[in-house]
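Undergrad: All chains should be modelled from the sequences, with the hints used to inform the complete structure.
Here the numbering used here runs 17 ahead of the position in the sequence shown, where the first position is 1.
Hints were generated in silico from the structure; no laboratory data involved. Watch out, some of these pointers could steer you wrong.
In silico DSBU-like links for lysine-lysine, alpha-carbon gap of 35 Å or less [to be verified]:
| hint | residue 1 | residue 2 |
| --- | --- | --- |
| 1 | 199 | 324 |
| 2 | 199 | 348 |
| 3 | 298 | 319 |
| 4 | 205 | 77 |
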Amino acid sequence: MTSKPMTRNPANSKHRNRSPATAKKLGQLHPRNPHQGRYDFAILTRALPELADHTITNPKGESTINFSDHQAVRVLNKALLANYYGVKFWDIPEGYLCPPIPGRADYIHYIADLLAQTTHVNADNTPPTGKEIHALDIGTGASAIYPIVGSQSYGWRFTASDIDPISVNTAALICEANPKLKSAVKVKLQPEPKFIFKNIIGRQDYFDVVVCNPPFHASLEEAMEANSRKQHNLQRHRGKNESEQISRSSTKSGNAAQNLNFGGQHKELWSEGGEIAFLTKMAKESQSFAEHVGWFTTLVSKSENVKPLQLLLKQLNVAQMRIIEMSQGQKSTRVLAWRFDTDEE
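TA: Structure below.
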């Protein structure tokens with residue numbers, strides 16, 4: 018196994034969720050997140066002229082798009098990736114998750130803070146940059162959003178995994194078509210869906226951090242119910258800051274099961290047992306890869322899942338555990354992070 022980077026144990030590390038630089042008001046994005054405030058459609062249209070075909074004017078006279086139109090949301094994502102991350106080619110197949118980029122970027126920036134506090138890279142606790150940092154994205158999807166944001170914001174290397182061959186092929190094509198991503202991101206297929214880390218983490222691998230956005234529904238019916246609530250909230254908050262809008266769109270039409278406004282194949286949105294079952298499996302399996310990973314992290318969408326997962330991690334004898342709260346507009350979520358070493362020099 019490759020040698021692990023030298024690290025240090027920050028004061029009160031078990032109780033520090035954020036560095037002072039990330040303190041912010043509820044509902045605001047991370048201070049380093051470039052997607053603050055309203056989208057500047059003039060700038061985005063210059064980055065991707067195609068966006069002009071989907072731009073409309075709201076009752077306030079402001080430029081926006083129809084966030085219920087999956088095609089408009091997809092093109093907006095392309096414009097955001099082109100303007101902020103230099104990604105000139107990006108597209109996803111019909112029916113696959115079109116992720117809300119501002120929220121995805123927030124996760125990466127908070128992970129950068131976590132690494133700043135716990136890796137012996139920069140003496141001033143600024144986020145580490147460069148290819149010395151190696152991250153693993155579990156369930157990258159067809160969009161490969163976390164590797165894109167992480168590699169282009171901080172210069173990190175990524176290994177991105179998924180159980181879906183179409184997602185893997187699409188993500189690999191995106192990386193191959195963009196010189197900035199080609200040398201920074203490696204995409205791997207998980208051939209055995211019952212495993213999360215096995216087959217992905219090799220004997221010689223070491224990852225500074227794992228990121229994961231787990232399937233959060235236990236069934237199609239649960240996903241449909243959640244979608245209905247999101248549609249209602251989208252209508253209630255229409256006209257507010259677009260970065261707060263739901264930017265998950267349907268890429269299919271037809272029966273109700275296909276008409277989810279956030280899109281996404283089965284493997285991306287729901288799995289047997291839902292979020293808690295997936296993260297329970299992830300936590301248990303992580304113990305076998307403790308020597309290969311610094312921080313294991315994951316989004317936890319359902320707040321009621323936090324305490325059971327914390328209890329499980331204590332039973333697994335993790336050395337450090339943190340909850341990092343995040344909020345984007347009306348939505349609140351959190352990152353659960355744990356590691357098995359004490360991070361001492």
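Undergrad: Enumerate the violated hints, using their earlier numbering and listing them in ascending order.
TA: 1, 4
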